[in-house]
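S.K.: Residue numbers (my numbering), protein chains in the order written: chain F, 75 to 229; chain D, 3 to 454.
A couple of the hints might just be wrong.
Unchecked claim - Simulated coverage check for chain F against chain D, where a stretch passes if three residues somewhere in it have a Cβ under 8 Å from a Cβ of chain D: (1) 162 to 171; (2) 211 to 217.
As the list claims (entries may be wrong) - Computed list of chain F residues with no C-beta within reach of chain D, every gap over 10 Å: (3) E102; (4) A176; (5) E179; (6) A188; (7) M189; (8) F192; (9) S205; (10) D224; (11) P225.
Keep in mind that the hints were calculated from the coordinates and are not lab data.
As the structure is a computational prediction, the values presented were derived from the model and not from experiment.
Idealized CB from N, CA, C, for every residue including glycine.
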Amino acid sequence: MTQNQRFDLDELRALIRLAAEADIEELEVEGAHVKVRIKKARAVASAVLATGASPAGHAPADTAHGPAASEQRYTPIIAPMVGTFYRASKPDAQPFVQEGDAVEEGQTVCILEAMKLFNEIPSEVAGRIVSIVAENGAAVEYGQPLFLVDPSPAV
Amino acid sequence: MFDKVLIVNRGEIAVRIIRACRELGIRTAAVYSEADRDALHVRLADEAFCIGPAAARDSYLNIPNIMATAELLGADAIHPGYGFLAENPHFAEICQDCKITFIGPPPEAIYKMGDKAAARQLMRKSGIPVVPGSLGPIRDEAAAIAAGKNTGYPLVIKAAAGGGGRGMRVVQSANDLRHAFVAASREAAAAFGSGDVYIEKYLEEPRHVEVQILADGRGTVVALGERDCSIQRRHQKLLEESPAVGLSPRLRRALLRAAVRAAEVVGYTNAGTVEFLVEGTNHLYFIEMNTRIQVEHPVTEMVTGIDLIKEQIKIAAGERISLPRDIEYRGHAIECRVNAEDPSRDFLPSPGQITAFVLPGGPGIRVDTHAFAGYTIPAHYDSLLAKVVAWGRDRDEAIMRMQRALREFEIGGVQTTIPLHLQILDNAFFHRGEVYVNFVRRRVDFGRLREV
């Protein structure tokens, strides 16, 4: 990605820290190419990052491994390969999962298309989908978080 | 010309390719492994995509993820650099099938030169000298004795299916041949499941001299002079220079001619290097052709003024070679490979964080590197840290410049091969141009390196 498209990681970390300390539930910042929404989940903050038209870079992956994410109890489902992220098997079909859905280990949560091959991606954890991090139709790189899962047993 | 080139490599060569693309006005896309997230090529490229975990087989050799990245980012060409997928004919073929230009030779040429034994036969048939020896495999004593008589002594017996020195015997005279044949054959059978051996003339003190070629696939093949790469350790080059010192004009012409012929025989296009062993003042033997850009290409760039990476890209885009028939060579260039290794401890790799990094500069000095202060050298890849290239009007000036540049070069936190280079550059035999492939073993005082 170009230097001007890169969202500065230190800035992002500072924002997360700010959101975590402040008495707010949500913080939204919009730049030229990136929009960041930081939403506090109970006691800790989790960062949700939506990239614009540019192909996804490292920012999403880094965010998931950043200080805020590592502290919280959500487990990311990461892209095991490079491809285009699709939430449903066909454009007019229902998405495999929605926010709030319960998922089982091995359950298909999305499709990654690469070289005309549609690869069904299973969840590696059981739990509840807290957030869909990747945008439908976006190019995702290896290791990029796609979903955040709350692995704790349903109450 | 291409819109966007995907660079399927890392380290200094990825940086070098990005620079060439920039100068041609081509957008660049980089790939990287999880271990290279903070690498310079990732920072410099217009875009970068993570393609896998640290292990090369899962990232820089991961063809599905690489091709998916090329497609997703809309690259119309791929530059493989050197190593990794650069000499994989299967990968070149996949690029072809996906209608993405592979910046390199056609898969057939990679394949023909990749099989070293077949290449040896093909070259011999085309009138290019190879190391003299037996034709096919040798299976009994009578055949060994006949081949020994033809080849002359000393000779070396090598396992037909082998490598790594096993099943190999140097034979000084006909009296020792029988015993050596039996021993080599038995060892080969145990190690490789085949007792077949072949015989080659043993070259005592050859020089490694290679020729850079460029071919545009439209009938033009040019040789861009030679490089002497005799200074090596365990077949790994350490120091390269051009021109090769003391080479007679006649032998030089013969080398360049043989290199052009070798490229023509396999229908070569793009940049390549034909490697020879040179013995005495008259004999040259083809050993192999590297079907890619090489680490030491800047040496040729410095004496010819030609940007080889840009030429590679232009040729791949279908342009004709526009170089003059008679290349003008200027002065002398030397390259020292600065590796993160400890030469005093048997070249033990020295990965870790670079705490200080102050580059040399001044007249005639070029440094190609991906390193910087604060950079952590991953343990997963090769140890090449920087290539220091010195140019001078003559060899003496190039040597003096290299010495002062290496003394200026400050690298903190890791061990490097700089002390070894300084010892080589100071050696009287090196100054006289008495360089052979056994130079490092014979002339370097490793005890003195330990004292430094």
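S.K.: Could you check that no beta carbon of chain D comes within 10 Å of the beta carbon of E179 of chain F?
M.R.: holds, 21 Å
S.K.: According to the definition I'm using, a residue is off the interface if its beta carbon is farther than 10 Å from all beta carbons of the partner; does S205 of chain F meet that for chain D?
M.R.: Given a closest Cβ separation of 21 Å, the condition holds.
S.K.: Are all beta-carbon distances from A176 of chain F to chain D longer than 10 Å?
M.R.: holds, 30 Å
S.K.: Against chain D, does the region 162 to 171 of chain F show at least 3 residues with beta-carbon separation below 8 Å?
M.R.: violated (count 0)
S.K.: Would you say E102 of chain F is clear of chain D, with no C-beta pair closer than or equal to 10 Å?
M.R.: holds, 26 Å
S.K.: So P225 of chain F supposedly isn't at the interface. Is its beta-carbon more than 10 Å from every beta-carbon in chain D?
M.R.: P225 of chain F clear of chain D: closest Cβ-Cβ about 23 Å, beyond 10 Å.
S.K.: Take a quick look at F192 of chain F and tell me if its Cβ sits farther than 10 Å from every Cβ on chain D, holds or violated.
M.R.: Check passes; 12 Å lies beyond 10 Å.
S.K.: Far enough from chain D: is every CB of that chain over 10 Å from the CB of M189 of chain F?
M.R.: violated, 6 Å
S.K.: Are there at least three residues in the region 211 to 217 of chain F whose beta carbon sits under 8 Å from a beta carbon of chain D?
M.R.: That given contact holds, which follows from 4 residues of the region 211 to 217 of chain F lying within Cβ reach (below 8 Å) of chain D.
S.K.: For D224 of chain F, is the shortest CB-to-CB distance to chain D above 10 Å, so the non-interface label stands?
M.R.: The claim holds: D224 of chain F sits with its nearest Cβ about 25 Å from chain D, beyond 10 Å.
S.K.: Against chain D, does A188 of chain F hold up as non-interface, every C-beta pair farther apart than 10 Å?
M.R.: Answer for A188 of chain F: violated, closest chain D Cβ roughly 4 Å.
Of the numbered hints given earlier, the model fails hints 1, 6, 7; all others are met.
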